[in-house]
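Q: Sequence:
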Amino acid sequence: MNLKTLTLKASTVLLSSSCIFSASHCFADNPIVSHVYTADPAARVFNGRVYVMTSHDGDNQSGYDMFDYTLFSSDDMVNWQDHGIVFNVNSNTSWANRAYAPDIIERNGKYYLYFPNGASSIGVAVADQPEGPYTDALGRPLIDRNISNGNVSWVFDPGVFIDDDGQAYLYYGGGSSGDNARVIRLNNDMISTSGAAITINAPDFFEAAYMAKKNGIYYFSYSTTPGTGMTVDYLTSGSPTSGFQYRGTVLANPWENNYNNNHASMIEYQGQWYVFYHNRAVSNDRGAGLYQRSINVDRMNFNADGTIQQVSNGAGGVAQLKNVNAFARNEAETFDREQGIETEKASEGTLNLMMGNGDWIKVSGVDFGSGATGIALRVAAETPSEMEIILDNLNNSPIVSASIASTGGWQTWQTQSVSFSSINGVHDVYLRGTGYHNLDWYQFTGGSTSSSSSSSSNSSSSSSSGGEPNQITVELESLSSQSNFSPFIVQSDPEASGGQYIVWPDSGNQLLNEAADSASGQVTIAFNLSQASDLSVSMLANFSNAANDSFYYQLDSAGWSTQNNQTTAGWQALSPITFSNLTAGNHRLKVLRREDGAALDRVDIAASNGSITLTSSSSNSSSSTSSSSTSSSSTSGGINNCSGVNVYPNWPARDSEYGEYNHANAGDSMVHQNSLYRANWYTTSVPGSDASWSLLGACN
Numbered sequence: 000m001n002l003k004t005l006t007l008k009a010s011t012v013l014l015s016s017s018c019i020f021s022a023s024h025c026f027a028d029n030p031i032v033s034h035v036y037t038a039d040p041a042a043r044v045f046n047g048r049v050y051v052m053t054s055h056d057g058d059n060q061s062g063y064d065m066f067d068y069t070l071f072s073s074d075d076m077v078n079w080q081d082h083g084i085v086f087n088v089n090s091n092t093s094w095a096n097r098a099y100a101p102d103i104i105e106r107n108g109k110y111y112l113y114f115p116n117g118a119s120s121i122g123v124a125v126a127d128q129p130e131g132p133y134t135d136a137l138g139r140p141l142i143d144r145n146i147s148n149g150n151v152s153w154v155f156d157p158g159v160f161i162d163d164d165g166q167a168y169l170y171y172g173g174g175s176s177g178d179n180a181r182v183i184r185l186n187n188d189m190i191s192t193s194g195a196a197i198t199i200n201a202p203d204f205f206e207a208a209y210m211a212k213k214n215g216i217y218y219f220s221y222s223t224t225p226g227t228g229m230t231v232d233y234l235t236s237g238s239p240t241s242g243f244q245y246r247g248t249v250l251a252n253p254w255e256n257n258y259n260n261n262h263a264s265m266i267e268y269q270g271q272w273y274v275f276y277h278n279r280a281v282s283n284d285r286g287a288g289l290y291q292r293s294i295n296v297d298r299m300n301f302n303a304d305g306t307i308q309q310v311s312n313g314a315g316g317v318a319q320l321k322n323v324n325a326f327a328r329n330e331a332e333t334f335d336r337e338q339g340i341e342t343e344k345a346s347e348g349t350l351n352l353m354m355g356n357g358d359w360i361k362v363s364g365v366d367f368g369s370g371a372t373g374i375a376l377r378v379a380a381e382t383p384s385e386m387e388i389i390l391d392n393l394n395n396s397p398i399v400s401a402s403i404a405s406t407g408g409w410q411t412w413q414t415q416s417v418s419f420s421s422i423n424g425v426h427d428v429y430l431r432g433t434g435y436h437n438l439d440w441y442q443f444t445g446g447s448t449s450s451s452s453s454s455s456s457n458s459s460s461s462s463s464s465g466g467e468p469n470q471i472t473v474e475l476e477s478l479s480s481q482s483n484f485s486p487f488i489v490q491s492d493p494e495a496s497g498g499q500y501i502v503w504p505d506s507g508n509q510l511l512n513e514a515a516d517s518a519s520g521q522v523t524i525a526f527n528l529s530q531a532s533d534l535s536v537s538m539l540a541n542f543s544n545a546a547n548d549s550f551y552y553q554l555d556s557a558g559w560s561t562q563n564n565q566t567t568a569g570w571q572a573l574s575p576i577t578f579s580n581l582t583a584g585n586h587r588l589k590v591l592r593r594e595d596g597a598a599l600d601r602v603d604i605a606a607s608n609g610s611i612t613l614t615s616s617s618s619n620s621s622s623s624t625s626s627s628s629t630s631s632s633s634t635s636g637g638i639n640n641c642s643g644v645n646v647y648p649n650w651p652a653r654d655s656e657y658g659e660y661n662h663a664n665a666g667d668s669m670v671h672q673n674s675l676y677r678a679n680w681y682t683t684s685v686p687g688s689d690a691s692w693s694l695l696g697a698c699n
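Residue numbers (numbering that gives the first Met the number 0): 0 to 699.
Hints listed in this document are in silico derivations from the structure and should not be mistaken for laboratory results. All values derive from a computational prediction rather than experimental measurement. Be a bit skeptical, because a hint or two may be false.
In silico DSS-like links for lysine-lysine, alpha-carbon gap of 30 Å or less [to be verified]:
#1 K212 with K321
#2 K344 with K109
#3 K213 with K109
Ranges between beta-carbon positions, derived for each pair [stated by the list, open to error]:
#4 Q571 with N649: 39 to 45 Å
#5 D127 with Q309: 37 to 43 Å
#6 G288 with G228: 19 to 25 Å
#7 G247 with S61: 34 to 40 Å
#8 Q571 with A404: 28 to 34 Å
#9 G558 with P504: 24 to 30 Å
#10 G370 with G666: 39 to 45 Å
#11 L137 with N649: 47 to 53 Å
Note that CB positions come from ideal geometry on N, CA and C, so glycine has one too.
Go ahead and model the full structure; you've got the sequences and the hints to work with.
A: Below, the structure written as structure tokens:
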């Protein structure tokens, strides 16, 4: 903690939404980040979470003098985890001196960060996880004006895109006049190009090139020139490189943006489309300058003909997708709203909050389930401090004021606990400092909840008696959005942990003869050990016969091993796999298909020493809720009576409020191609086309 910095910080929070002080569920106020200035959001979905890589505006900069990138993530679209600065061009490259609008993408387990050196060239860095650390892949630019047909006014604003056939493209360019939009093919290594740059004729193109795809239509969006309002407009085509037609405006110059520059990205997450952009709302509220921006998110909807409805952007934000599990270990740097706090690197990993007197955070939609009776706090303080826990409204009386004893230093950590009268149900939670301390994480105690996850990316843990998490639990179905998941699918079974499991569908004694890092049908669990430890890995599985009783596994960079088991009587915990003398730090456990029909459910990983925590490269689900009953009688994988069930595209639900008329809600059933599916969450995708659906079996 820098006590002077924290004391003097003039951080305020926009109070335009009723969600700040009430527990109505709940829309995030825009902007979604206020404790640091952020711009040029590059949003992506990795491992079941939304990640947003942003430019980082300095508090006092008087021009676009940016040198690093910040990263945020969420699995509920309201509470956002701050991962801090993940790349700095001055310290992480030998040739770049500016860090303009970035983009990021994953391929084959690697994460590629494309970064402009001002407006002169574009570099690429690579990492094993979204949070880094990133390494400059080339030690020089990937793109500059020497690229054939690449001599545009501004070589910046990369927008990376991987098509369904595996071909990758980089869109870029900018300028006040002329044809300055370009696209170039990337090779499979993602750090080299193929052929010449191709010109895209985009009316009034200024900057912020970005590509998205939906139902076979390519959407090229960009920011227009100052003379045309600096809106975000878009083109469509049936090709990623040619044949584009102008379609109009997606996003008018945003609210509280002072009619200045803008930059947008568009993603689909859990069946809904979102557009991310920046404005000057926080800067305006604080009386700061033009060069301090803040990122926002709003929902985006499509018409039946594939065109995009113009986004009605504003302070309201988007709806929270799920509640936070009060009884998981929740990272303190994950929150909806704040006042006065700052974040810094914690000696134990991730970030911690620096809290001063009167500083607070709000965590929206916390599910206390059957009732909490206490809270454990991971704190560090040079002098005694206090923190209030308040529910629903910042003006309410605290349910408890936790006394924080001095730990002897700002990075000397202790787990301290306090009890209170039982609380249950779903509440917004405010944590407010009445002294000076650092907070790493918190965990409510005394009860349980059916919530499928918390909003922090490393929260699925259980604690030893000393308060340290020494075991993590991962429901394998929560990893279904990982890039190599298919041909695994998610199936439902009320006897499975959380009601679901994953399986390589049984199609006649299929066998993957050889394990390989690049093989499809695998999931990755990433975790961190606080100190050297032995490890025990247990899996809940269902192996009905000798032809479906095995899988492969791999720890870190060791060779693949085969786990060949005995048949089980239903769901059964397999004999643990053990590893000895693992070093402290980050590790990865991979599970790969071997025999079809092997039903894999939950993995428990226990450490013999220290603490073990999931990192954000894994899903954070510690349990999941079984789907609600439907109008059909079904047995997972069997023959179903589908009479009376909606047949695609006859959707079971309509949503006129948001213009997304056709969709399914969690638990809804639909028939497609004579198979019965159940929706795992709100979705507009074709039944069976992605992880938002579970296959229940064939229809009779």
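Q: Are the hints correct? Go through all of them and say.
A: Here's how the hints hold up against the structure:
no.: 1; hint: K212 with K321; verdict: holds (26 Å)
no.: 2; hint: K344 with K109; verdict: holds (23 Å)
no.: 3; hint: K213 with K109; verdict: holds (24 Å)
no.: 4; hint: Q571 with N649: 39 to 45 Å; verdict: holds (40 Å)
no.: 5; hint: D127 with Q309: 37 to 43 Å; verdict: holds (39 Å)
no.: 6; hint: G288 with G228: 19 to 25 Å; verdict: holds (22 Å)
no.: 7; hint: G247 with S61: 34 to 40 Å; verdict: holds (35 Å)
no.: 8; hint: Q571 with A404: 28 to 34 Å; verdict: violated (45 Å)
no.: 9; hint: G558 with P504: 24 to 30 Å; verdict: holds (27 Å)
no.: 10; hint: G370 with G666: 39 to 45 Å; verdict: violated (26 Å)
no.: 11; hint: L137 with N649: 47 to 53 Å; verdict: holds (52 Å)
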